[in-house]
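*Asks:* This is what each chain is made of:
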Amino acid sequence: MLELRLVQGSLLKKVLEAIKDLVNDANFDCSSTGFSLQAMDSSHVALVALLLRSEGFEHYRCDRNISMGMNLNNMSKMLKCSGNDDIITIKADDGSDTVTFMFESPTQDKISDFEMKLMDIDSEHLGIPEAEYHAIVRMPSAEFAKICKDLASIGDTVVISVTKEGVKFSTRGDIGTANIVVRQNTTVDKPEEATIVEMNEPVSLTFALRYMNSFTKATPLSNTVTISLSSELPVVVEYKIAEMGYIRFYLAPKIEEDEDETKP
Amino acid sequence: MLELRLVQGSLLKKVLEAIKDLVNDANFDCSSTGFSLQAMDSSHVALVALLLRSEGFEHYRCDRNISMGMNLNNMSKMLKCSGNDDIITIKADDGSDTVTFMFESPTQDKISDFEMKLMDIDSEHLGIPEAEYHAIVRMPSAEFAKICKDLASIGDTVVISVTKEGVKFSTRGDIGTANIVVRQNTTVDKPEEATIVEMNEPVSLTFALRYMNSFTKATPLSNTVTISLSSELPVVVEYKIAEMGYIRFYLAPKIEEDEDETKP
Amino acid sequence: MLELRLVQGSLLKKVLEAIKDLVNDANFDCSSTGFSLQAMDSSHVALVALLLRSEGFEHYRCDRNISMGMNLNNMSKMLKCSGNDDIITIKADDGSDTVTFMFESPTQDKISDFEMKLMDIDSEHLGIPEAEYHAIVRMPSAEFAKICKDLASIGDTVVISVTKEGVKFSTRGDIGTANIVVRQNTTVDKPEEATIVEMNEPVSLTFALRYMNSFTKATPLSNTVTISLSSELPVVVEYKIAEMGYIRFYLAPKIEEDEDETKP
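Chains as they are written, first to last, in the working numbering: chain C, 1 to 264; chain D, 265 to 528; chain F, 529 to 792.
Looking at chain C on its own, in the form it has when it is part of the complex:
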């Protein structure tokens, strides 16, 4: 039997909004340590990894490991029916082919049960080794989202270049070119407004803006985003989730900076 009670239910709504456009169907894996998901996007280019640790739930009961296949669009439809201050409980009986989402209003005057059919989804779990990165940038998530959105109005790819002074985002398209430099800045009033660059060696990598923009759907989950770059590894774009976990997006860099790709 599975029963996971999340007081801040709106977190789960935001998690679904962050991944449902990237992934159609996915297995949620539930074990004694937490509620997690790992899935490729539908074009098999990007990887999403979600973890919500059991400690983050008010009540967490998972008698044995279970993998529940869900259509994320349908799950999102149901979660949207919860109020923003609702407590959400995820429930499943052993061997059942359904999952139930229960929403309790803060006053307990309104209780909703939404039952959704589960799906059989083939998936293999990739082991993602801990790695050393050439550079790690932590910056305000809203700033990163605006940069990706702005650059996408000019070009299709972004070159992210990290130096000691800061990080540069560049694109080029039919109407011209754009370079946005964000300087390292640790002397801000609020820690979440800082931009911090940890660099072992300079790095300059090219990525498809379409995916970057998709990753920024997670912006409501966290004030900051961490971008880990290495020339031999996929970039990791990570949003921490309160005290309980994270969403990480992985995307391979484009190998050659082919001029033709940005000039259709």
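Some clues are possibly wrong.
[As the list claims (entries may be wrong)] Keeping only pairs whose Cα atoms sit at most 20 Å apart, straight-line, the calculated PhoX-like set for lysine-lysine is:
#1 Lys-410/D x Lys-80/C
#2 Lys-344/D x Lys-677/F
#3 Lys-541/F x Lys-146/C
#4 Lys-608/F x Lys-168/C
#5 Lys-608/F x Lys-149/C
If you're looking for bench data, these hints aren't it; they were derived computationally from the structure.
This structure is a prediction, so every number in the text was calculated from the model and none was measured.
Chain C is already provided as a structure; the job is to place chains D and F on it using the hints.
*Replies:* This is chains D and F only, laid out in the frame that chain C set:
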């Protein structure tokens, strides 16, 4: 001659927004007691009844009973040109084929006259007898609107079941099922937030969500909605209008709860 | 060499939003006295004239007169990437076929360079003589915008009639007629809320609402609008830009008030 001066003109705008999607053309009936409308929706399934009593108007002159056929979409276009704080006066000369809406800004610096052509509309006025209902539920109108909207994302029909403890709204669709229970609650700080159930006998009836959602367009008119249910009568969904009247929507229950209807 | 530094960069964004729907491509003319533009709309009916005087810029360097052809839609795309509090600098080297827009965030932590290709655009500069007008109306720009928008929901043209008492805006369409009278009012708390009529002789002129509505895109630039009317001249709809200039729109009146035009 007809001259009806409504200080809170925005009420009339809200009335039109509440009914214009349901009814295309309708006769507004004006007598010494008030300004009213009764009309079937365009598919002849639901009935709307509006009453604005003469006492609610600052000035009310109606020399003789008159029935004015209007296209509600055009009337809405004109009323949308009024400011939210404007005083609205409805004027018609005897025998004229036009009606004039006059909008006065609060400072009297802007005066607008919108003249609209009247239409000949055949209609018969149904007598709606006062009836005894099995159950009457009064609840916050915004809550009812959210429930209807949420359930429509899952299924096509709603089963409304009333017991002493509260009222349950249920639906089922391709992606699963939903049950929302709202408990009776009279001990709230603000009376308009209460949910009050008056029940003579338990009742469980099925309705098309499309119409329920259409009725909730009247939500801006009132903080509360009253739902009167009886197994032998159409449901009445009523929104009171300030001190002066109401909008009531009537809809027949679906006779059989046919599983196939909700599973296309 | 050209280098124009505008502290209140959002003004330039608003200027582009005001004209980009009316004009596709245009030459910006830069001289020692200011940054200006004059262009016909794409259907050659209306004329736009923009002036930003050099005194309005924090730094203004223009070594020699230069005319820079730009696609306003692309320019708008780039300016939209600036933050609302950013300082914008326009830069161009002599003989270069590109222009650079530099955006500096208030904290200087984010610096963006957007480089856009210039275009060759044929254009002739019309001399617009100072003229005497029969009537000049100054009124709140938001009020004028609402009137044009409201009337366009009823008809295609607006008759603007000025008398000593005020100004009347009228239209007629399939669903009826509308008359909006705004009275002269100089005794208001805030000067920008005044409606002031300067009249030498009464005037009544007809204009296409489509263009009037397009002009009101400049509303965010100024709290007031000035409408100068004469039976022998195009109307001038002017929005002042802070301390530094203006946008003026010119539109010829419709010669005959042809009933058929408003009754398609």
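*Asks:* If a hint holds in the structure, say so; if it doesn't, say that too.
*Replies:* Against the structure, the hints come out as follows:
For the hint linking Lys-410/D to Lys-80/C, the alpha-carbon distance of about 11 Å falls within 20 Å, and the restraint holds. This hinted pair checks out: Lys-344/D and Lys-677/F have alpha carbons roughly 11 Å apart, not beyond 20 Å. Proximity of Lys-541/F to Lys-146/C is assessed by CA-CA distance (about 17 Å); at most 20 Å being required, the pair is judged to hold. For the hint linking Lys-608/F to Lys-168/C, the alpha-carbon distance of about 19 Å falls within 20 Å, and the restraint holds.
The suggested pairing of Lys-608/F with Lys-149/C holds, with an alpha-carbon distance near 11 Å, which does not exceed 20 Å.
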